[in-house]
Amino acid sequence: MKKLRSYCTVFIILLFVFMLAGCATTAGKAFETNESQVKLRSIQTRAFDTTDKKKMMQTVISTMQDLDFVINKADLTLGSVTGSKFLGNAVVAMTVTVRPRGEKQLLVRANAQYGINSVEDPETYQDFFVALGKAMFLTVQQVD
Amino acid sequence: MKKIPRFLKLLLIGFLSLGIIGCATTPKGFLKPSEGSLQKRQLQSRQYDTIDEEKILTSVAGVLQDLGFTLDESETKLGLVSASKKADAKSGGQIAGAVFLDLLCALGGSHSNATANCDKSQVVKASVITKPGLDGHKTIVRVTFQRIVWNMSNQISKVESIGDPQIYQKFYESLSKAIFLEAQQI
Numbered sequence: 012m013k014k015l016r017s018y019c020t021v022f023i024i025l026l027f028v029f030m031l032a033g034c035a036t037t038a039g040k041a042f043e044t045n046e047s048q049v050k051l052r053s054i055q056t057r058a059f060d061t062t063d064k065k066k067m068m069q070t071v072i073s074t075m076q077d078l079d080f081v082i083n084k085a086d087l088t089l090g091s092v093t094g095s096k097f098l099g100n101a102v103v104a105m106t107v108t109v110r111p112r113g114e115k116q117l118l119v120r121a122n123a124q125y126g127i128n129s130v131e132d133p134e135t136y137q138d139f140f141v142a143l144g145k146a147m148f149l150t151v152q153q154v155d
Numbered sequence: 336m337k338k339i340p341r342f343l344k345l346l347l348i349g350f351l352s353l354g355i356i357g358c359a360t361t362p363k364g365f366l367k368p369s370e371g372s373l374q375k376r377q378l379q380s381r382q383y384d385t386i387d388e389e390k391i392l393t394s395v396a397g398v399l400q401d402l403g404f405t406l407d408e409s410e411t412k413l414g415l416v417s418a419s420k421k422a423d424a425k426s427g428g429q430i431a432g433a434v435f436l437d438l439l440c441a442l443g444g445s446h447s448n449a450t451a452n453c454d455k456s457q458v459v460k461a462s463v464i465t466k467p468g469l470d471g472h473k474t475i476v477r478v479t480f481q482r483i484v485w486n487m488s489n490q491i492s493k494v495e496s497i498g499d500p501q502i503y504q505k506f507y508e509s510l511s512k513a514i515f516l517e518a519q520q521i
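As you go down the protein sequences, you meet chains A and B in turn. So the first sequence is residues 12 to 155, counted in this note's numbering. So the second sequence is residues 336 to 521, counted in this note's numbering.
These aren't lab readings, by the way, just hints derived from the structure by calculation. Be aware that a few hints might be false.
Under the rule of at most 20 Å between Cα atoms (straight-line distance), these lysine to any residue pairs were calculated in the SDA-like manner [claimed, not checked]: (1) B:Lys412 x A:Pro111; (2) A:Lys84 x A:Ala104; (3) A:Lys145 x B:Leu373; (4) B:Lys421 x A:Ser95; (5) B:Lys367 x A:Phe148; (6) B:Lys367 x A:Leu98; (7) B:Lys412 x B:Thr385; (8) A:Lys50 x A:Val151.
I would like the entire structure built from these sequences, with the hints used as guidance.
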């Protein structure tokens, strides 16, 4: 009899735990990242030795077009470009932002998403920056 | 302890490898320029003998409207106009084939609903970029199209970039005409 009671107690406690776990919403999932914030920034950001923001953005746009992206939005003041492309049945969305860094440089940050996954693979971004650097005739610099 | 039969082992290995394949999520190298990108650029771009980007952009907006597009976004300082259009995607051949397949299945006593997988409607997105040419006397225009297709049960059945040269050809014919018309103030 005693054994049965202890079983019941354990069962009820477990039930409560599960019910509580059920209360967690999935909204938090949208804000999760796998890499640390600093590491992600350095993967997605490069510096270029130029201050010509407009030319930089035009080059970003043509590089994205070369990569099959359709440009959806662009803003010179903010320095942002957003485009999307299809890869099989998935949508790749990418935002690139350009902003000044000090007096002589521009910082370019690319941010890509594949379907419902954020792209956090360094090589993928490296490919993009290499293509961008070639188009700008500039060397790409890693940012710490 | 009996030995595990050979085919069971194979089955297990097969399952495990399927499981590993299932872990692959994001493909790599999709931000690398492909070999055909130069060719695509030539197909999608034209040069115009003017440095008046604003004039080109207004003509582009006019052509897109002529083609039944609605403008979604524009940025004159960078030279961008993006637009989209909903259109019919029904194709007689595809529907006829699907109905025939359904009939055959019904005759054979099984269930099929190929008609529901036929294309119904599509959204075409266009984005036009203008930028000054390298020599400083010309303006380069580049347009890109992509489309999303829905089937009869309102599911997305296809997404693709449009690569048909004729579509680009037609767009630039209209644009050249529109630039001429604007110049003549019609």
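### Task
Quick one: which hint numbers does this structure break? Sort them smallest to largest.
none
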